[in-house]
Amino acid sequence: MLIQLLEVLKKKKTCTLQELAELTGEDLDSVKMKIEYLENNGYLVKTKRSATSKCQSQCSGCSNCVVNQDDIWIVKD
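Using the working numbering, the first residue of the sequence shown is number 8, and each one after it goes up by one.
Don't take each hint at face value.
Simulated pairs of lysine-lysine, PhoX-like, Cα-Cα distance not exceeding 25 Å [what the hints assert, rightly or not]:
#, residue 1, residue 2
1, K39, K83
2, K83, K55
3, K41, K19
4, K18, K55
5, K53, K18
6, K55, K20
7, K17, K83
8, K83, K53
9, K53, K41
10, K17, K41
11, K53, K17
12, K39, K18
13, K18, K83
14, K55, K41
15, K19, K39
16, K53, K20
17, K17, K39
18, K83, K19
19, K20, K39
20, K53, K39
21, K55, K17
22, K53, K19
23, K20, K83
24, K41, K20
25, K39, K55
26, K19, K55
I should point out that these hints are in silico values taken from the structure, not numbers from a laboratory. Keep in mind it's a predicted model, so treat the numbers as computed, not measured.
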């Protein structure tokens, strides 16, 4: 399942815990544990969704809006 999480993140670029749980069919606790492992071992970087936004808060509140400050994970190159 670690590989599945990495594949989802590579494809989607960024995901919240909730999004990862929905996309993999796993519960939040399992996803959180796996994400922590991947982050601690240098596979992922945690950031805020607003840090990856290109709209600069001039939209109507899309999922990438600065208003949405969820933590997200990005696969390290």
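Checked hints:
1. For the hint linking K39 to K83, the alpha-carbon distance of about 18 Å falls within 25 Å, and the restraint holds.
2. For the proposed pair K83 and K55, the alpha carbon gap of about 15 Å is at most 25 Å, so the pair holds.
3. The suggested pairing of K41 with K19 holds, with an alpha-carbon distance near 17 Å, which does not exceed 25 Å.
4. For the proposed pair K18 and K55, the alpha carbon gap of about 18 Å is at most 25 Å, so the pair holds.
5. Between K53 and K18 the alpha-carbon distance is near 17 Å, which keeps this suggested pair within the 25 Å criterion.
6. Taken as a hint, the K55 and K20 pair is honoured in the structure, with Cα atoms around 13 Å apart against an allowance of 25 Å.
7. With a C-alpha separation of about 9 Å, the suggested pairing of K17 with K83 holds against the 25 Å cut-off.
8. Restraint check for K83 and K53: the C-alpha separation of about 10 Å stays at or below 25 Å, so the hint holds.
9. Pair hint K53 plus K41 holds up; C-alpha atoms about 13 Å apart against a cutoff of 25 Å.
10. Proximity of K17 to K41 is assessed by CA-CA distance (about 16 Å); at most 25 Å being required, the pair is judged to hold.
11. A distance of roughly 14 Å separates the Cα atoms of K53 and K17; the hinted pair therefore holds under the 25 Å criterion.
12. With a CA separation close to 19 Å, the supplied pair K39 and K18 stays within the 25 Å bound.
13. The hinted pair formed by K18 and K83 meets the criterion: a straight-line CA distance of about 13 Å does not exceed 25 Å.
14. With a C-alpha separation of about 19 Å, the suggested pairing of K55 with K41 holds against the 25 Å cut-off.
15. Annotation: proposed proximity of K19 to K39 holds, straight-line Cα distance about 18 Å (limit 25 Å).
16. For the given pair, K53 sits about 12 Å from K20 by alpha-carbon distance, which is consistent with the 25 Å threshold.
17. Straight-line distance between C-alpha atoms of K17 and K39 comes to about 17 Å, which keeps the hinted pair within the 25 Å bound.
18. A C-alpha spacing of about 14 Å is found between K83 and K19, which places the hinted pair at or below 25 Å, so the restraint holds.
19. As the CA atoms of K20 and K39 are separated by approximately 17 Å, the hinted pair is consistent with the 25 Å bound.
20. Of the pairs offered as hints, the one joining K53 and K39 holds, with about 12 Å between alpha carbons and a cut-off of 25 Å not exceeded.
21. At roughly 17 Å between alpha-carbon atoms, K55 and K17 fall within 25 Å of each other, so this suggested pair holds.
22. A C-alpha spacing of about 15 Å is found between K53 and K19, which places the hinted pair at or below 25 Å, so the restraint holds.
23. Distance hint between K20 and K83 is fulfilled; the C-alpha atoms sit about 10 Å from each other, no more than 25 Å.
24. The hinted pair formed by K41 and K20 meets the criterion: a straight-line CA distance of about 17 Å does not exceed 25 Å.
25. Proximity of K39 to K55 is assessed by CA-CA distance (about 16 Å); at most 25 Å being required, the pair is judged to hold.
26. For the given pair, K19 sits about 15 Å from K55 by alpha-carbon distance, which is consistent with the 25 Å threshold.
Hint violations for this structure: none, all hints satisfied.
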